[in-house]
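2 protein chains.
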Amino acid sequence: MRKGLRLGVDLGGTSVKLALVDERGRLHDKVAVDTVKQPRALVKRLSEAVRPWSNRSLLGTGVGVAGDVDSQKGVVRFSANLGWRRVSLAALFRKFKFPAPIVLDNDANAAAWGGYHLELGARPKSLITLTLGTGVGGGLVLNGQVYRGVTGSAGEIGHLVVQEGGDPCACGNRGCLESYLGASAMVRWARAAYAKKKQVVEPLDPKILEQRALRRDPVAQEAYARAARALGTALTSLVNLLNPDTILLTGGVARGAGLFLPQAMGILKSGAFKTPARAVRVVVARGKSDLGVAGAGLLVI
Amino acid sequence: MRKGLRLGVDLGGTSVKLALVDERGRLHDKVAVDTVKQPRALVKRLSEAVRPWSNRSLLGTGVGVAGDVDSQKGVVRFSANLGWRRVSLAALFRKFKFPAPIVLDNDANAAAWGGYHLELGARPKSLITLTLGTGVGGGLVLNGQVYRGVTGSAGEIGHLVVQEGGDPCACGNRGCLESYLGASAMVRWARAAYAKKKQVVEPLDPKILEQRALRRDPVAQEAYARAARALGTALTSLVNLLNPDTILLTGGVARGAGLFLPQAMGILKSGAFKTPARAVRVVVARGKSDLGVAGAGLLVI
Numbered sequence: 002m003r004k005g006l007r008l009g010v011d012l013g014g015t016s017v018k019l020a021l022v023d024e025r026g027r028l029h030d031k032v033a034v035d036t037v038k039q040p041r042a043l044v045k046r047l048s049e050a051v052r053p054w055s056n057r058s059l060l061g062t063g064v065g066v067a068g069d070v071d072s073q074k075g076v077v078r079f080s081a082n083l084g085w086r087r088v089s090l091a092a093l094f095r096k097f098k099f100p101a102p103i104v105l106d107n108d109a110n111a112a113a114w115g116g117y118h119l120e121l122g123a124r125p126k127s128l129i130t131l132t133l134g135t136g137v138g139g140g141l142v143l144n145g146q147v148y149r150g151v152t153g154s155a156g157e158i159g160h161l162v163v164q165e166g167g168d169p170c171a172c173g174n175r176g177c178l179e180s181y182l183g184a185s186a187m188v189r190w191a192r193a194a195y196a197k198k199k200q201v202v203e204p205l206d207p208k209i210l211e212q213r214a215l216r217r218d219p220v221a222q223e224a225y226a227r228a229a230r231a232l233g234t235a236l237t238s239l240v241n242l243l244n245p246d247t248i249l250l251t252g253g254v255a256r257g258a259g260l261f262l263p264q265a266m267g268i269l270k271s272g273a274f275k276t277p278a279r280a281v282r283v284v285v286a287r288g289k290s291d292l293g294v295a296g297a298g299l300l301v302i
Numbered sequence: 002m003r004k005g006l007r008l009g010v011d012l013g014g015t016s017v018k019l020a021l022v023d024e025r026g027r028l029h030d031k032v033a034v035d036t037v038k039q040p041r042a043l044v045k046r047l048s049e050a051v052r053p054w055s056n057r058s059l060l061g062t063g064v065g066v067a068g069d070v071d072s073q074k075g076v077v078r079f080s081a082n083l084g085w086r087r088v089s090l091a092a093l094f095r096k097f098k099f100p101a102p103i104v105l106d107n108d109a110n111a112a113a114w115g116g117y118h119l120e121l122g123a124r125p126k127s128l129i130t131l132t133l134g135t136g137v138g139g140g141l142v143l144n145g146q147v148y149r150g151v152t153g154s155a156g157e158i159g160h161l162v163v164q165e166g167g168d169p170c171a172c173g174n175r176g177c178l179e180s181y182l183g184a185s186a187m188v189r190w191a192r193a194a195y196a197k198k199k200q201v202v203e204p205l206d207p208k209i210l211e212q213r214a215l216r217r218d219p220v221a222q223e224a225y226a227r228a229a230r231a232l233g234t235a236l237t238s239l240v241n242l243l244n245p246d247t248i249l250l251t252g253g254v255a256r257g258a259g260l261f262l263p264q265a266m267g268i269l270k271s272g273a274f275k276t277p278a279r280a281v282r283v284v285v286a287r288g289k290s291d292l293g294v295a296g297a298g299l300l301v302i
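Top line first, the protein sequences correspond to chains A and B. Per my numbering, numbering through the first sequence is continuous, rising by one, with the last residue being 302. Per my numbering, numbering through the second sequence is continuous, rising by one, with the last residue being 302.
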């Protein structure tokens, strides 16, 4: 990793974070702007946001995008959050004279890469990152490199199937991890369960569900227990398949890990093979949500 | 890969295959001996078996072992098939003057590595091998390298969980792929299903089950359908997670792939994300069972 500052850009559906990132993933300055969905207008706005840094000597620009990204061509193939299809984003960044080289990747890969450098004291050989937010994102760092697969689509941990023919998932399949874990699935299930009991709990959002679970409300507790079982099952498969040394949980839902992680760990420890189960640490990210922008900056190696 | 011959050794619970393997994975000569379980007696017997090749100039010895292997230390940590625990196998091979270097790996990794070189016309970037025999073994070649994980335990594809709380598995967990797919699980399930219907089908073995399925016996067909659903679910998870370009099926049960692969492919194509599902080829190995010994030889790079 070359010493010096690079520009990191974490491009999400509602906001874009930009930061000056050093070779160890530390942020030296940062700014956030609202997302606009028209690509050219967005990149123009970003170029204005970084103008105060224009006299800095930067090693390049790393961009993490919520969506299906072709890193080699610098193209966003598809992004549901941004409403994009085939956007030549790297070319737009070049047009607006962002520091070269411009490196593009999926935001989950960027977050995994950030976690690899920033969040963990010792550098793990193989790291799996799960981002527990509205849904469940994932990123893989295997043998010290971001693993992208042959079309850059790897790491969709939210769509490991934990229950053949199980609950419907937003992706169209059934029984995915994301059908049970993440703010969206948990609130949806709890809402239906309350309705069944003719119990009126409105408004219901992730924060309120968490508070109800902490106060031992049975429906909220069961929403977390379902999530814990699905997570434990997915962790078992991941450990048997990839034998990582570290699994990092990040995102808003991970902050309430006390409500589901102990049960999930029990399932992992009893279900996975002994040698890889003993070798893995499961860690909840300490930091706020800077892994994505730090990792994006570190894409510039 | 250096040009020339190396010695490949595929060490299984009932027999050991030895072969002279060239840099492209082709076998130039081969021999098989019965397994004896005492390690020193076994390696002595192998050294006698290769004596006819002693005047050949060989680049080294690659050994694939059915079990949990520490490649770096050259130690077999545990092998259920061989009844071994902490056997310093590489040191034994050195003692009996096998060609150096001695490279040790898990047999499933060796088979995956063999498949990568031998079975596929073009070299895939990322290959997943499933060995469908008594159980389900697995090996991963990611970005052109055998992926072993941090303790050499990676690739246990038979123990991806496809059904949380599902059928009991020999590993102690429930709902593993191997609880539904593989000769052992399929025969066990069919035997119970026949008993339930008070139908006497003895003897019952994998070959007979296959023949009954081909003749449209409902119990045998359902044994294959269960296996197909579990395989389709596991393939979906593998494609969403690792985005490989090739998945190779090998082993005795794979030869009857016509009975379950079409259904499994349907599940994969409808269940996985479109981009990685389109990018993957699922291939049944053409060759007999030489992938293991060829891949073992190719461990000597």
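Since the hints were made in silico from the structure, they are not lab data. One or more of the hints may lead you astray.
Which copy is meant is left open, so a pair is good if it fits within one copy or across any two.
What the hints assert, rightly or not - No farther apart than 27 Å at their CA atoms in a straight line, the calculated lysine-lysine pairs in the DSS-like style are these:
1. K74 <-> K275
2. K275 <-> K38
3. K126 <-> K197
4. K74 <-> K270
5. K96 <-> K197
6. K199 <-> K126
7. K4 <-> K31
Model, not experiment: these values are computed from the prediction.
- [ ] Could you tell me which of the numbered hints above are not met by this structure, giving the numbers in increasing order?
- [x] 3, 5 and 6
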